[in-house]
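K.L.:
For the protein sequence lines, the chains are Z and E, in the order given. Take the first sequence: its position 139, counted from the start at 1, is 139 in this note's numbering, and no numbers get skipped. Take the second sequence: its position 181, counted from the start at 1, is 181 in this note's numbering, and no numbers get skipped.
It is possible that some hints are incorrect.
In silico DSS-like links for lysine-lysine, alpha-carbon gap of 27 Å or less [what the hints assert, rightly or not]:
id, chain 1, residue 1, chain 2, residue 2
1, Z, Lys172, Z, Lys127
2, E, Lys176, Z, Lys20
3, E, Lys107, Z, Lys214
4, Z, Lys106, Z, Lys158
5, Z, Lys20, E, Lys107
6, Z, Lys256, Z, Lys299
7, E, Lys176, Z, Lys158
8, Z, Lys106, E, Lys176
9, Z, Lys248, Z, Lys289
Derived by calculation from the structure, the hints in this document are not laboratory data.
Each chain, letter by letter, is given below.
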Amino acid sequence: MTAQKSPIIEIRNVSKRFGKVTAVDNVSLDILAGEFFVLLGPSGCGKTTLLRMIAGFEMPTEGQILIDGQDMAHVPPNRRPVNMVFQSYAVFPHMSVADNVAYGLKIAGVGRSEREERVREALELVKLGGFEDRMPDQMSGGQRQRVALARSLVMRPKVLLLDEPLSALDAKLRAQMQFELADLQDQVGITFVTVTHDQDEALSMACRIAVMNKGDVAQLATPSDLYEYPANRFVADFVGSVNLFEGKLTLDEPDKAAVDCPGVGKIYLNHGVTGPHGADVWVALRPEKIYLHVPGAGKAVQAAGQDAPEGHNFARGRITGMSYLGDITLFDITLDDGATIRVSRPNLSRHDQEDFEWNDRVSMHWRADSPVVLLS
Amino acid sequence: MIALFNRTPRAPLEYTRTLWMRLWVGSVLVFLYAPLLVLMIFSFNDSKRNVVWRGFTTKYYEKALNNDTLVEALVNSLTIAGLATVFSLVLGAMTAVMLWRFKFRLKGIVDGTISLPIIVPEICLGVAMLIFFAWVDWPTDLIWPLNLSAITIAHITFCFPFVTMVVRARLASFNKEEEEAAKDLGASEWQAFRDVLLPHMRPALVAGSLLAFTLSLDDFVITFFTAGPDTITFPVKVYSMVRFSVTPEVNAASTLLIVLTVVLTAIALKIQGTRNLTVSHA
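Bound conformation, chain Z alone (with noise of 0.2 Å):
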């Protein structure tokens, strides 16, 4: 789908080296025109180092950007056909809103009724109407990003930059402004680029995910290809919560594998996985995708059996750490084997939690569909 627009951000083989520290190390990849495209990395993995090279902001110590198919490396900020939010919003604290909102078209030298019309315009789509004649002091934290949001809207660019947009909020607001950002982008048909540490924010928001880590691209796959399918242990870890085995890997055909991983017990695939037999492996299998069941009566057995050979896909073991969270209870809990594994359960009815207490014994099983072979 997205496959056939064509690339509106070209990165090629862009490296940026601050002395002796390599911010950002050889990345290419490309932004396609009209989507939300999201930087997703732990601090200083990068991430807003490129986001400040596509800017203009800092210059590539190698590789080229490409703007709308244009070589960007000299083309100072104040020409590139992008704007930016900066993560402390940067509105001019001197100015009114309508001031500046306005600031871009003035320098542009964009005629005064005209003028005042797109900053109307511009104020409507952030739902700021009626704010011209404040000052930024008199306001939120939420709606001095709103007009930053809307002095970057307004110079209608190719592309929007945002950096860290939603850090700043609070819990409740930052939900909200996740689903109003995604609209705004869906109605502007505008690029966002946005840079986030947040792999709620990440998720709920983007076409496609780049998960930075050390200055590299990890994985660049869209949200669900993300959690689903992690290509390696640290998106498996740093997307959504995740418990890892290492194991080593016995049976490997194209319709089925199987990994034998000390602590926890056979683990079995409906899929091959292409790796080199008997090499190590880790498997990732997330806590939702665990069924937790009251011992004795042998229904994981029953139940694993459904997919998997004999032996393979259950475990038993003993509660050693619980906490409710209203929608959801996570269990800690320690295998026969040795090994620990997170389990998380939903309250689908109000007496789910009342089911398991601390230090019962219970077992578990997965499907076989479940499990993702991480090679690296």
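Add chain E to chain Z, keeping to what the hints say.
P.N.:
Below, chain E without anything else, positioned relative to chain Z:
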């Protein structure tokens, strides 16, 4: 005990409601302003000497304003202060921006020596200036206002580091993303400076010029050493008048100067909005 006043009890940090604190604040104010008040009151004293009150008169103001050399000294002082303020402001602000913005070789040395004129005792700076102007053979017999050039240069030397200090302190609170935002919206380097950085600096520029103006206006030591034989400034003139006797005329002239500086300061603060001097935007 009978409560004489039905008031809320004093909170632990409400020191302004304790008697001893009020007395202390009052005595500090007296300590600060009593001498000035006495000086102002005795400028209206109908007596040749300043010790005993003999009745109200304004004749010493008339006398002061008709004293040609005193008026000339005042005009000189104001001219020097005005010129020194303008040059100190431009030079000081530029220095502050340079030290804040750029990294360059020997920056540490420049940074350290910039405030030297503040630290060096005035008497040393005065002597140094005297020797310097003698060494370069600076002409002393020029027409007004060029005859004030040596004093003005000396004043700029010790005034502009104060401006630099004030402006630098203000720049430390500047959010560089604001300047980047301006450039991101299409502004050139100059436009971003004019529209974003300069408005941020404005309170410091006002404070810095007030500082420079008052420092220059009342400087005695350095002026004394750099003034030519025929140029005189207000503080130097007052000093020479006092050497004979402290007449109410000196009081009157001083009072005029105090009123003048207070009015100027009030105007500057009014233009600026006092709030901006202390409040910085997050």
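K.L.:
Are the Cα positions of Lys256 (chain Z) and Lys299 (chain Z) separated by 27 Å at most?
P.N.:
holds, 24 Å
K.L.:
Keeping to a limit of 27 Å between CA atoms, is the pair of Lys176 (chain E) and Lys158 (chain Z) held or broken?
P.N.:
The given pair, whose Cα atoms are some 24 Å apart, holds under the 27 Å limit.
K.L.:
Between Lys172 (chain Z) and Lys127 (chain Z), is the straight-line Cα distance small enough, at 27 Å or below?
P.N.:
holds, 18 Å
K.L.:
Is the hinted pair Lys106 (chain Z) and Lys176 (chain E) satisfied, with a Cα-Cα distance of at most 27 Å?
P.N.:
holds, 21 Å
K.L.:
Checking one constraint from the list: CA of Lys176 (chain E) to CA of Lys20 (chain Z), max 27 Å. Satisfied?
P.N.:
Holds, at about 24 Å.
K.L.:
Can you confirm whether the C-alpha distance between Lys107 (chain E) and Lys214 (chain Z) stays at or below 27 Å?
P.N.:
violated, 33 Å
K.L.:
Starting from Lys248 (chain Z), check that the Cα of Lys289 (chain Z) is at most 27 Å away, please.
P.N.:
Holds, because 22 Å separates the two Cα atoms, which is no more than 27 Å.
K.L.:
For the pair supplied as a hint, Lys20 (chain Z) and Lys107 (chain E), is the alpha-carbon distance within the 27 Å limit?
P.N.:
Cα-Cα ~23 Å, so holds.
K.L.:
Does Lys158 (chain Z) sit within 27 Å of Lys106 (chain Z), going by the straight-line distance between their CA atoms?
P.N.:
holds, 19 Å
In summary, the structure is inconsistent with hint 3 from the numbered list given earlier, while agreeing with all the others.
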